[in-house]
Amino acid sequence: MKTCLVVDDSSIVRKVARRIVEALGFQVIEAEDGVEALVHCKKAMPEAILLDWNMPVMDGFQFLSTLRRMPGGEEPMVVFCTTETGIDHITKAMGGGANEYIMKPFDKDIVMAKFQEVGLIPLGEETAA
Amino acid sequence: MNPTEYEYLRKFLKDNSGLDLSADKQYLIESRLLPLARKAGLSSIGELVQKLQGGSGALVTSVVEAMTTNETFFFRDKVPFDHFRDHIMPEIIKARASKRSVRIWCAAGSTGQEPYSLAMCLKDMSSALTGWRIEIIATDLSQEVLEKAKAGVYSQFEVQRGLPIQMLVKYFKQTGETWQVNPELRAMIQHRQLNLLHDFSQLGTFDVIFCRNVLIYFDQETKVNIFNRLARQVEPDGFLVLGAAETVVGLTDVFRPIPERRGLYKPNDLRAASAKPALAGAPPRMAAMAGR
Numbered sequence: 001m002k003t004c005l006v007v008d009d010s011s012i013v014r015k016v017a018r019r020i021v022e023a024l025g026f027q028v029i030e031a032e033d034g035v036e037a038l039v040h041c042k043k044a045m046p047e048a049i050l051l052d053w054n055m056p057v058m059d060g061f062q063f064l065s066t067l068r069r070m071p072g073g074e075e076p077m078v079v080f081c082t083t084e085t086g087i088d089h090i091t092k093a094m095g096g097g098a099n100e101y102i103m104k105p106f107d108k109d110i111v112m113a114k115f116q117e118v119g120l121i122p123l124g125e126e127t128a129a
Numbered sequence: 130m131n132p133t134e135y136e137y138l139r140k141f142l143k144d145n146s147g148l149d150l151s152a153d154k155q156y157l158i159e160s161r162l163l164p165l166a167r168k169a170g171l172s173s174i175g176e177l178v179q180k181l182q183g184g185s186g187a188l189v190t191s192v193v194e195a196m197t198t199n200e201t202f203f204f205r206d207k208v209p210f211d212h213f214r215d216h217i218m219p220e221i222i223k224a225r226a227s228k229r230s231v232r233i234w235c236a237a238g239s240t241g242q243e244p245y246s247l248a249m250c251l252k253d254m255s256s257a258l259t260g261w262r263i264e265i266i267a268t269d270l271s272q273e274v275l276e277k278a279k280a281g282v283y284s285q286f287e288v289q290r291g292l293p294i295q296m297l298v299k300y301f302k303q304t305g306e307t308w309q310v311n312p313e314l315r316a317m318i319q320h321r322q323l324n325l326l327h328d329f330s331q332l333g334t335f336d337v338i339f340c341r342n343v344l345i346y347f348d349q350e351t352k353v354n355i356f357n358r359l360a361r362q363v364e365p366d367g368f369l370v371l372g373a374a375e376t377v378v379g380l381t382d383v384f385r386p387i388p389e390r391r392g393l394y395k396p397n398d399l400r401a402a403s404a405k406p407a408l409a410g411a412p413p414r415m416a417a418m419a420g421r
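In order, the protein sequence lines correspond to chains U and C. When we follow this note's numbering, the leftmost residue of the first sequence carries the number 1, and every step to the right adds one. When we follow this note's numbering, the leftmost residue of the second sequence carries the number 130, and every step to the right adds one.
Chain U extracted, bound-state conformation (with noise of 0.2 angstroms):
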């Protein structure tokens, strides 16, 4: 089973990501920022990461660099999952070597498009009106 990493300061978003991803045949393991997160990476690399951007400690996108230059660093797929819905914020983060970028609110038809997206899960059976 692959496993998602899910990187939130909040425990109720954290919750709901864990039920969607779950749901999408995934392990679910919880990080309440960068700090505890590469913790986790560093015992064993995930497959994904879902991950917030502003956090106490150690921030999503300072996360994401540390991440990238660890060996084994660049295997998982990051998708962002914020609040931070500017244009800039995008560019940054794909600039920074994410995956995919979510805006919130979410649910589990964006995550599930967009772990599709980057290969985490195959096409669904397509969908009929």
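If you're looking for bench data, these hints aren't it; they were derived computationally from the structure. Treat the hints with care, since some could be wrong.
Stated by the list, open to error - Listed below are the simulated EDC-like cross-link pairs for lysine to aspartate or glutamate, each with C-alpha atoms no more than 16 angstroms apart in a straight line:
| hint | chain 1 | residue 1 | chain 2 | residue 2 |
| --- | --- | --- | --- | --- |
| 1 | U | K104 | C | D215 |
| 2 | C | K299 | C | D253 |
| 3 | U | K92 | U | D107 |
| 4 | U | K15 | U | D107 |
| 5 | C | K252 | C | D215 |
| 6 | C | K395 | C | D348 |
| 7 | U | K2 | U | E30 |
| 8 | C | K299 | U | D88 |
| 9 | C | K140 | C | D348 |
| 10 | C | K302 | U | D88 |
| 11 | C | K277 | C | E287 |
| 12 | U | K104 | C | E306 |
| 13 | C | K228 | C | D366 |
| 14 | C | K143 | C | E194 |
| 15 | C | K207 | U | D109 |
| 16 | C | K352 | C | E389 |
| 17 | U | K108 | C | E287 |
| 18 | U | K2 | U | E75 |
Stated by the list, open to error - Label-pair ranges, simulated between beta-carbon atoms:
| hint | chain 1 | residue 1 | chain 2 | residue 2 | range |
| --- | --- | --- | --- | --- | --- |
| 19 | C | E350 | U | E47 | 47 to 53 angstroms |
| 20 | C | R161 | U | P122 | 30 to 36 angstroms |
| 21 | C | E136 | U | P122 | 39 to 45 angstroms |
| 22 | C | E176 | U | K108 | 31 to 37 angstroms |
| 23 | C | E276 | U | M94 | 31 to 37 angstroms |
| 24 | C | P132 | U | T91 | 55 to 61 angstroms |
Even glycine gets a Cβ: it sits at the ideal position worked out from N, Cα and C.
We have chain U; now place chain C onto it with these hints.
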């Protein structure tokens, strides 16, 4: 909603839009028409039916629009757009190398996500299309839907379903909570109102026709009729793209599926089709749309 009201609405929709609802679509009617009834100051589907029976032209149009409008998203189902980029366009670029023009029809263009997705695909391959004349015609039954398509303004939710973030950054402009398609992309598309039940020969012929997730609503006879008329609007070496739940197989031989490319069809030699005049006739006679 009682069975009589449901039957009335089924027949009403069939006559007015060709929409062919199966016997178990009560939830669909309720979810689409209750909000509309309330907006019109009516308290139930029953009251709405009474109004329709009383002959309210404005209401007829809104009921048809509410029932035929589909939620859609960018690059819906993904595969057809991969086919478009990797198979259809390379073939057309070769075949039209001297003419250097391509005409594409989105026959159920809806709120614009499909034609804009195609426009983005074409932009991404613009180096192979330098000096080409590109025409994308997007048609839909509903005027309201066409207005939205023309404006090209989408909510944050809409732009996150199916649209890769790089494409969003590249082809949209953010205005507060909404995102608008770039003028350059919007200029590639002509939007026109069209009922597929009516004659569409005036649109001319196309290299590619996308007609996805609309024919599923029609009955067999109507489907066959539309396929036969679509066959006359597609170039002999052109393509028809259908939705995942749709096929021509068992209905008509004016198109044939392309093996290994789900949803992709080529027209057969039309002389073969003309041997079946009963199928290749004029548009079906349906009650004209009120107010159109």
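Hints and how they fare:
Straight-line distance between C-alpha atoms of K104/U and D215/C comes to about 33 angstroms, which puts the hinted pair past the 16 angstroms bound. Using a Cα cut-off of 16 angstroms, the hinted pair K299/C and D253/C holds, with the two alpha carbons roughly 10 angstroms apart. Our distance criterion of 16 angstroms between C-alpha atoms is broken by K92/U and D107/U, whose separation comes to about 24 angstroms. This hinted pair checks out: K15/U and D107/U have alpha carbons roughly 13 angstroms apart, not beyond 16 angstroms.
Proximity of K252/C to D215/C is assessed by CA-CA distance (about 14 angstroms); at most 16 angstroms being required, the pair is judged to hold. Between the alpha carbons of K395/C and D348/C the distance comes to roughly 22 angstroms, so the proposed pair goes past 16 angstroms and is violated. For the proposed pair K2/U and E30/U, the alpha carbon gap of about 14 angstroms is at most 16 angstroms, so the pair holds. Distance hint between K299/C and D88/U is fulfilled; the C-alpha atoms sit about 13 angstroms from each other, no more than 16 angstroms.
For the hint linking K140/C to D348/C, the alpha-carbon distance of about 12 angstroms falls within 16 angstroms, and the restraint holds. Straight-line distance between C-alpha atoms of K302/C and D88/U comes to about 12 angstroms, which keeps the hinted pair within the 16 angstroms bound. For the suggested pair K277/C and E287/C, the alpha carbons sit about 13 angstroms apart, so the restraint of at most 16 angstroms is met. Simply put, K104/U and E306/C have alpha-carbon atoms about 11 angstroms apart, close enough for the 16 angstroms limit, and the pair holds.
Under the criterion of a C-alpha separation no larger than 16 angstroms, the hint pairing K228/C with D366/C is consistent with the structure, at around 14 angstroms. Between K143/C and E194/C the alpha-carbon distance is near 13 angstroms, which keeps this suggested pair within the 16 angstroms criterion. At roughly 15 angstroms between alpha-carbon atoms, K207/C and D109/U fall within 16 angstroms of each other, so this suggested pair holds. Taken as a hint, the K352/C and E389/C pair is broken in the structure, with Cα atoms around 23 angstroms apart against an allowance of 16 angstroms.
Note on K108/U and E287/C: the hinted pairing holds, with a Cα-Cα distance of about 13 angstroms set against a maximum of 16 angstroms. Under the criterion of a C-alpha separation no larger than 16 angstroms, the hint pairing K2/U with E75/U is consistent with the structure, at around 13 angstroms. A C-beta distance of roughly 50 angstroms is found between E350/C and E47/U, which places it inside the suggested range of 47 to 53 angstroms. Look at R161/C against P122/U: about 32 angstroms separates their beta carbons, and that is inside 30 to 36 angstroms.
The beta-carbon spacing between E136/C and P122/U, approximately 41 angstroms, falls within the hinted interval of 39 to 45 angstroms. At roughly 36 angstroms, the beta carbons of E176/C and K108/U sit within the given window of 31 to 37 angstroms. For the hinted restraint 31 to 37 angstroms between E276/C and M94/U, the CB-CB distance of approximately 32 angstroms keeps it satisfied. Range check, P132/C to T91/U: about 56 angstroms between beta-carbon atoms, so the 55 to 61 angstroms window is met.
Taken one by one, the earlier hints fail for this structure at numbers 1, 3, 6 and 16, listed in ascending order.
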